[in-house]
Every structure is written in C-alpha cells, then in structure tokens.
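There are 2 protein chains.
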Amino acid sequence: MSVQGPAAGAKPPRVLVVDDEPQIVRALKVVLREAGFEAVPAETASEALDLAAVRPPEAAIVDLVLPDLDGIEVTRRLREWSEMPILVLSAVGEEEQKVRALEAGADDYITKPFGTRELVARLQAALRRAGRVEGEPSIDVDGLEIDLAARVVRRDGEPIHLTPIEFDLLRALARNRGRLMTHRKLLAEVWGPEYVDDIQPLRTHIARLRAKIEPDGVETPRYIVTDPGVGYRFTD
Amino acid sequence: MSVQGPAAGAKPPRVLVVDDEPQIVRALKVVLREAGFEAVPAETASEALDLAAVRPPEAAIVDLVLPDLDGIEVTRRLREWSEMPILVLSAVGEEEQKVRALEAGADDYITKPFGTRELVARLQAALRRAGRVEGEPSIDVDGLEIDLAARVVRRDGEPIHLTPIEFDLLRALARNRGRLMTHRKLLAEVWGPEYVDDIQPLRTHIARLRAKIEPDGVETPRYIVTDPGVGYRFTD
DNA sequence: TTGCGAGGTCACGGGATCGTCACGCCTTCC
DNA sequence: GGAAGGCGTGACGATCCCGTGACCTCGCAA
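For the protein sequence lines, the chains are A and B, in the order given. Every letter in the first sequence is one number past the one before it in the working numbering, and letter 137, counting from 1, is 137. Every letter in the second sequence is one number past the one before it in the working numbering, and letter 113, counting from 1, is 113.
Please note that a few of the clues may not be correct.
[Unchecked claim] Cross-link-like lysine to aspartate or glutamate pairs, in silico, EDC-like; alpha carbons within 20 Å at most:
{"no.": "1", "chain 1": "A", "residue 1": "Lys-112", "chain 2": "B", "residue 2": "Glu-118"}
{"no.": "2", "chain 1": "B", "residue 1": "Lys-112", "chain 2": "A", "residue 2": "Glu-96"}
{"no.": "3", "chain 1": "B", "residue 1": "Lys-112", "chain 2": "A", "residue 2": "Glu-94"}
{"no.": "4", "chain 1": "B", "residue 1": "Lys-29", "chain 2": "B", "residue 2": "Glu-118"}
These aren't lab readings, by the way, just hints derived from the structure by calculation.
Throw the hints in and build the complete structure from the sequences for me.
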C-alpha cells in the first residue's frame, strides 16, 4: 500500500521543487509522482519565482541553500502575493534558521535527511490546511487590476506605473479588501515596525497613489477611502 | 527584540498542553506565557479531551506518549469536531509515527529535544494558517451587523459610517451583549480610566450613535437601551 | 403646581486630522 | 558627471470630530 495522494482522475496538483542538487530533484520527482503530485523543478531562486508567477503551483518545496537567493528570501517573495503552502528543506537543523523561515511565512521546515513518506505526509498536511482558502495572485476590482506576482497595475487594461512604496501600499490595502487598515498597520507593513508613528509620509503617498489610480478625480474616491482618525480602506 | 506573540492588550490565546511529564508542562507554561499565550495543562488524554470540549482552546500541543490513549488518538478525537491547530510532541523520531500523526490530522510533529523558539515559531505558523480560515468575529443582531475585524457596521446590508468613538462605543456594548454596561465602565473602556466621571460626552455620543443605527426613530430604541441611573445595555 | 434631577438633543467653536503642494536630498541610470 | 525619478519634509487651507453648554422632556416627590 502506498500513501494516497489527491483524488485519482483529477489532474495532479503541481508542486514547485526548488533545489540546485540534481539528485534531490530527481528523487523528489519520483516520490511526488507516486503520491499523486506533479513536480515542477527549478534550480535557482529567480527561476522558481518566475515559474511561480507565470503559473502558480499548488505548493512549493524550497531548499534553504540556493545559488542566488536563499530559501528564506524565496519564501518571503512568494508570500508577497501567494498563500500557497511552502515547505523549506535544509541540511542544517539550526534553530535560528528554522525560526526565520517560519516567520518569513513557511509552513514547515524539514531537515535532511528526511524520510520520503514523512515529506509527503507533511506536504499533505500543509495542503489540507491551506485547502480552504484560495489565494488570489491577482485582484480585479471595478476596472482596476492588480497583479500581485508581476507587480503590475492596470486600469481598464492600461498599465499604470507605480513606485515601490505606492505598490506596496496598494497591495497591503487590496489584500485586505473591505477591511480597515489603521495607519499603524499600514506603516508597519510598508515601511517597517519602527515607523508606525510617521503618518505624514503615509498621507503623501496615499495622495500620490490616488492621483494615479482614482478615475473621477480624488473628490469621490472609488478605491481608497479615508476613515478619519483611524486609517484607510480599500473598497469592497 | 523578542518574538512577538499575538496582539498585546487582547486576552491571550489559550493553548492546551497535554503531557504527563510535569517538568515538560512547567517548561512549556513558561515558554508559552513569554510568547503571549496561556497554557492549559492536562496530564491525560481523557482530561485533555474533556477540557477541550468544555472550553475549546485556540490550539493544542500533545505529547505522543500518554497514560491512557496516545497522542495520535487524541488528535483523531479532536479532529472529529475541531479544526484547531494540533502539534504533536515526541521523543521518538520514527517516521511511521510521524506519518500516522500527520494523517490523523496533526499540523506538525516535533521531536524532543526541541528548541523553545522553534516550538513557538511552529505554533505561530500553524495559528497563522488557521487564522485565515476561521470566520471573522462579527456580531449580527436583528439586521444590524457589526464586523469587528473589518471595522464595518451595516444595517440591512447598507454600510453605516461611524466615527472612532462611536464605533468603540458600539463595540464595547455589543461585546457585552445583554449585559449592563455602567457609565463608568463605558467611559473607562472608550475614553480611558481617567474619564470615568465625564458623563455628558457619553450621552452625546450615545445620541449620535442611536441616530445612525436605530431604524424606527429614537423613541423606541431597538439596539441600545437606557438603564436609568446606571448605564446602557445592548439588546440581546 | 412647582421644584429637581436624569437623560436626550442641538448648535457651536476649538482643535486635531487630512489632502495637497513645493522644495530639497538622495539614489540610480545613462 | 549630469539628469530623472523616488522619497520625506514642512507649511497651508479644508475638513471632520468631539466636547461644551444651553435647553428640552420626562418622571417623581414635595
């Protein structure tokens, strides 16, 4: 008897495998196929991020050590726009690394050597947990289209150029559509926790952002509305 | 800088800790408290299941070896009715056990000895994952809908704009639905402990709040009723 | 009837907050 | 080394929120 994967018949869920050691990739490919998954291999961080952006997989298994960026940075970049389960793989079991990976948004941290059945079990546990939410790699509201993975914003099909801060601001707001984002929360997310009291820059960038995305002037904001004394809210 | 737990100020999330070794329980208690959690100890499986049934915790940490049932069975029983994150603890790192625990519905499997920071990080990762699934705390009474997380109030689906004080006031009342809130208690909660005697502002804001949310004029309050000489009460 | 206290309502003004703009510094890219 | 874009700062009206004080109603007791 073998560990049963997802329902037979349906097309197999794709799992991004990021590792620069060919033998590991090959082994994982076999293991995942037997468990009913399709492995999408990538050797470098940038290749992995590109692949994920083009066609988001169901989950990702990321080695900690990669030629360009490390697995923690890959996790962080993926988490910027995706809720997919991420398992970090590593030969070193150092606690500091584990904590950093998990805080970056990883779902699990597995140290090599690992049993293949354990890996599959952990992957399935993570998928089961994540299965109830569908991440949205792109958000589309009333003519405004936000591609979180590609960092591109379009209005009525026309691309709009946003600066890094403007995009991060819009992303933070759009991911919490309908919910109110307090000044402090926005500042912590975009500028960092030590800037939670610098409200003036926030105001300035909100103004600039509105000037770029709001269609009917800024008098009647269609997307970003102000909650005086509290924060901002992205229209639901 | 220390690992930050849940939002300060809120009452700490309760974590069920099931282990028959007193020193482990004691250690976990300290670690969890420092991370902003409250440990609920249990020595046996049956005690744990009883405790969880009476007042469901936010998460559970279960030792694999227990006097009556094993941790896997506890996991299975909990999963029959709860989606709470479950972390299984064990001294043995045998793969078969891990797979069985994860298949039974555990979210993670940690082998002793483990670093306390890793444990906390894994607990927080599991909670973060579970947090998105659970329904947002929202109160719905007779056509009036209060979404605490989104900070939105709707009546018959129509959103109502509330100022910060008005919302805080309504939240304080709605959280204690049916219970009487004295003037002093409301003032302390919304304005701060040093304003417990300034009743007039309270009256003014109650009036403004009623004007916004009460449907049939303010003659017959449907939501906020006055307890003369004492305080206010949110209709149950 | 009159006096009194508690609660509700309203208009007003002070003050905090918000949006905007011009300016200067910094980095980046030719 | 120059140009352009991104960013924070400070100042300025405009806006909004909130406390205040006056006045009203209501219930009750003298």
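The hints, checked one at a time:
The suggested pairing of Lys-112 of chain A with Glu-118 of chain B holds, with an alpha-carbon distance near 17 Å, which does not exceed 20 Å. Pair hint Lys-112 of chain B plus Glu-96 of chain A holds up; C-alpha atoms about 17 Å apart against a cutoff of 20 Å. For a cut-off of 20 Å, the pair hint linking Lys-112 of chain B to Glu-94 of chain A stands: about 14 Å separates their Cα positions. Restraint check for Lys-29 of chain B and Glu-118 of chain B: satisfied, since their Cα atoms lie roughly 15 Å apart, inside the 20 Å limit.
This entry satisfies every hint, going by the numbered hints stated previously.
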